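Trainee: Here this note's numbering is used: the first residue of the sequence shown is 1, the next is one more, and so on.
In case anyone wonders, no lab produced these hints; they're calculated from the structure.
As the structure is a computational prediction, the values presented were derived from the model and not from experiment.
Some hints could be false.
[As the list claims (entries may be wrong)] Here are the simulated lysine to aspartate or glutamate pairs, EDC-like style, with alpha carbons at most 16 Å apart:
| # | residue 1 | residue 2 |
| --- | --- | --- |
| 1 | Lys-863 | Asp-496 |
| 2 | Lys-247 | Asp-302 |
| 3 | Lys-774 | Glu-139 |
| 4 | Lys-276 | Asp-295 |
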Amino acid sequence: MTNKIKYTPAQQKAITETGKDILVSASAGSGKTRVLVERVIEHLHQGIGIDELLVVTFTEAAAREMRERIQAALRDEINQADEVRKKWYLEQLTKLGIANISTLHAFCLRVIERYYYVIKLDPLFRLLTDDTERGLLLEDVWADLREHFYGENDPLFEELTQNFSNDRNDDGLTELIFRTFDFASAKPDPHFWLEHLVDEYYIQDSGLSKSKIFTKKVVPLAAEQLKQAVSELKMAQQISRKEGLDKFTAALQKDQAGIEMILNALTNDAKWDRVKEMVQAFKLERAPRLSKLDDIQKQAKDEIMHLRELAKKILSELSERYFPLNEEETCTALKHSAILVQKLSQVVTGFMDAFNAEKKQRHVLDFNDLEHLTLKILTQDTDESRQALNVLKNKYREILVDEYQDTNQLQETILTTIAQKEPGNMFMVGDVKQSIYGFRLADPTLFLKKYHAYTEGNPQGQRIILAENFRSMSGITDFTNLIFMQLMNTEVGEMDYDENARLVFGAKYYPERTPKSELLLYETDKENSTVRKDDGEPFDESFVVDSAAQGQVIMTGQKIKTLIEREALIFDRRTNTERAIQYRDIVLLVPTRNNNLLITEEFRKLGIPVFVNDAQNYFQTIEIQIMQSFLKIIDNPYQDIPLVSVLRSPIVGLKENQLAFLRINDRTGDYYQAVLKFYRNFVPQKASNFALKLYDQIAEFLKQLERFRTLARQNELAALIWQIYDETGFLDYVGGMPGGAQRQANLHALYERASAYEKTSFKGLFQFLRFVDKMQQKNRDLTEANAQTTEDTVQVMTIHGSKGLEFPVVFLMDATHHFNEQSLIRDYILDEQEGVGITWTNPRTRVKIETLPKLVARDNGQKKMAAEQMRLLYVALTRAEQRLYIVGTCVDQQKTIESWRRAFQSTGTVLNSRLRQETKNFMDWIGMCLVRRQDFNAEFDLDESQNLPALEENTAKFSISFFDRQKLEANASTVQEEGTNWLKELANAPVIEEPETKKEVKRAQQILKYQYPAEILTRTTAYQSVSEIKRLFNDPDQERMEFLEPDFEIKTQTQAKRYVKNDVTLPSFIERKQKITNAQIGTATHLVLQELSLTEQPTLASLQELITSLTEQGILTAELAVAVDKSKILAFFKSSLGQTLLKMPDNVSREVPFSLLLPAKRLFANVEDKEQDVLIHGIIDGYVINDDKVELFDYKTDYLQPGDEQAKQKIIERYKGQLNLYATALENILGHDITHRYLYLLETSEQIEV
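Generate the whole structure from the sequences, applying the supplied hints.
Mentor: This is the structure:
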């Protein structure tokens, strides 16, 4: 073999063994993907072509990685092979692109495309890949079918509906139908599975005590619990004998005998009612009175009483859960439930058939269809089917299955159907300890059956264990082993964590140093208990912890900051050296996405860059909520909340008082009706300035809304969304908000999702809104769009999302999060093996009765949930390479440790099964696995320990730290102080006198001390407006113009000539708008003068018509339209200048923009550089060319009292320089001298030549 990697003996066996089915149990970090690739290359060495192998992966990404690795390995072989072998490898490399390396769904699709004719399938179909589209289609089909059932007035269907729904809706029934449909779809024969759902409810004539449900299901479960109660009492007897509490021993023996009597009756064919009577009659012996006990005996007594209470609780639960009814009542409940389950089976079967018919009509297939149709192609009793099966059987020399623990029964059936039997040719790789996809109906028992069956000497199959972990430091593997040797066994966990399952440290390349695994707990009980430090110094009021979740996030952030600032060491496997930790080395693994927004916010405050890999806050972002509201009112404006959201948003910009004003004017009906009423009944002449402004905004909004509604009816949805972005400027607006790049990326994602939606079988805006609502309900799709982020960031992802990945530093967040048990508290429980267990509601009394099948299914469900949560914890812990932190919250330290000490009830290495099953979070599992270690007791000064060799031989090192609000505040100050220490250390560091260093320092000093030759120009701008420099042109004949000295402090806003300012002007869209100003009126007057036609003498009517037109176009507001003085404009056109303009309109130019370059030395003092220019810009009101004369004019709207000559002279002085500059610019443009320069004062109707 050409590969230089030295494989372990187990890996070598996994690469080379053949001749039977092989199951490889590959622990975390054991290199299973590398082994798979090398096995493929080994087959190629043996002359088996790449096209003769079927490689099945769990995800498309894994398939791509597998293909890339095989390609790289083939290239290595080609580079080292002789000519004959090189030709063979080149041929395999050519075939790699079409090799069967894919997910099982992709393989099934190829089979269907090749053999569609076997099942008479139309080959023209579209794959229904979008879960949301499929969900909408399911809802539509169910809605039609449900109406059909309601229309038949079927009393059984009505009873089924009432049994699982409430008095408000029938969502409970819908959920049951959909969930049962999903379970059936994962079976090789869904109809067969549905038909036999009712089997567990049938009781034969021999009675309940002889029934299968009782003898095979209830008895073993009840016996298990009774044995657990006996075990508790035996443990109590050991304590009583050890401490000499003889009276207690006698009582405990009687208790044990009573329970064993019930157990004996239960397992020896006793009648139901007899067992019920014995369970309900059982009582513990009266506890003896003991006096004169020493401290140790008192503690022993407390432990004994606790163990007796546990035994009593088991009997009490057994009575309440399994034996609340007598045999007749129980059989009656089962009989009625059987009828309901039979009806359920019929309804789901009908739903399945209707859904398939709808898909056929639409020419679509979903992923379930791919598997079922493939199995149908392979198993039909026809010659064509048998021929297709033989072709596939003979084609594949071996079937390699990655992540085998995550397959389901249907997928297993497909694979075993095309596999060879003698000898077996299946190679299955996986780790049942990492089977975490039960919610996708993965069935780990398929792996476990082979795991237990393929032992030494089995001719049908071989089991190979890959135990070495090449990923993690020894501290991580030891810690993981310490936890799982106590947690996982067949009873609770579905497999024993024995020598074959334990991790073996294999990453010998790490330095010997290995950090401790750390538990970090935030104490919630002390959040508000104190408000001052011990020394009396008050807390920093800006430091606030509002919740337990926030506390643990801050605690985590502070730990990360400490690691970064203290430059904790990480071993870099790429460079084979140690280096300082970076943010990119760290991942936060979260059990749910609920706190992702909180993590993002708190880390931002701490200055920690963070990237949330799969955040669920997309639909919570303000920009998406606004767009959703806008789309909703485009579809139907009679929706109050979305409408007000849009009106209040930046798109329209109404304030709260404006919204209230609209509602006050129409206090009844829809809000949209109130808006329309205001708009239609508006009378400008009677309106206040407030109402005028509101009217302008509402008028524009309604016109815009109507345009968008028309566009929605006539164009594609994506075009509508983009038009909204374009016309409202909303996309640009959010770009100016904090996090603008991310917000724009979110809006782009909405547009792209709408574009993809148009390609589905649903069309139109209403359906798209349904589509989006469905995604929100299911927490699917459109997770926050990925804007460009910095590479050096802390990552946040779910534990499920981290599977297959590895990170130098792992923080397992929210480890005290309660496990989700929603599936166990419904009125039904679905189980792959047990079918469906229901709660029957007596239609007459409305009393709910949990049936025996449901009790069995719930017990199995609890064990499966505990097993899956254990596997989820295993995945989380084994992602860590070098450092592991487990984060959670608790009430306080004392209560938490007291809770963990329940582990001392267990005398063996593995914790008590009931204790493990009753524990509902990761942290308590871990704490109970640590509390029995002697170093734990030493750290917390406890006098209790169990000298269990298996625990003490494990070399795992750990620490447990408790934090409260005071500690977090103290840490916040420390972290901030440490963040500035580097500057002090740098300032005090000795100067290194090496020649090269001196040279570099000198060069740096030269750069830092460099002075720009024209430094004065760095305090000015190269772009000046006329108004800023007009004073310098008051006298155009002056040989030397005056200058302004540069001033670093801008004293006034009217200061001439623009220098660089130290502040930033507030954007116009943020500025508060006040009442209209004289400047705004002046601008509006100039606009009217610019737009007014010069072909005829203006009249009041023509002037009003123009102003109205400008208002309707949105160019003028209603307020400004009223403020324009029309009489002054008409007076202008009666002046000699106005008459000149009317006589020769073709020679008049108005609103003429210009740009002019002037030497900077002419404008600014102390500037010597002759090559530096300044750009002057402005707009000339107008000029007229009259024969060979050019007359320049400028209107002014400055306020002036008639006859006030002094004020008039000031206005002339103010604008003389401006006109002179205009003249200079115009002479450059026209190449002609300016003959006359006029100021026209509109306020007094005076024409003045300057």
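Trainee: Taking the hints in turn, state whether each one holds.
Mentor: The hints, checked one at a time:
Pair hint Lys-863 plus Asp-496 holds up; C-alpha atoms about 14 Å apart against a cutoff of 16 Å. A hinted pair counts as satisfied when its Cα atoms are at most 16 Å apart, and Lys-247 with Asp-302 qualifies at roughly 15 Å. About 10 Å separates the Cα atoms of Lys-774 and Glu-139, which keeps this hinted pair within 16 Å; it holds. Taken as a hint, the Lys-276 and Asp-295 pair is broken in the structure, with Cα atoms around 41 Å apart against an allowance of 16 Å.
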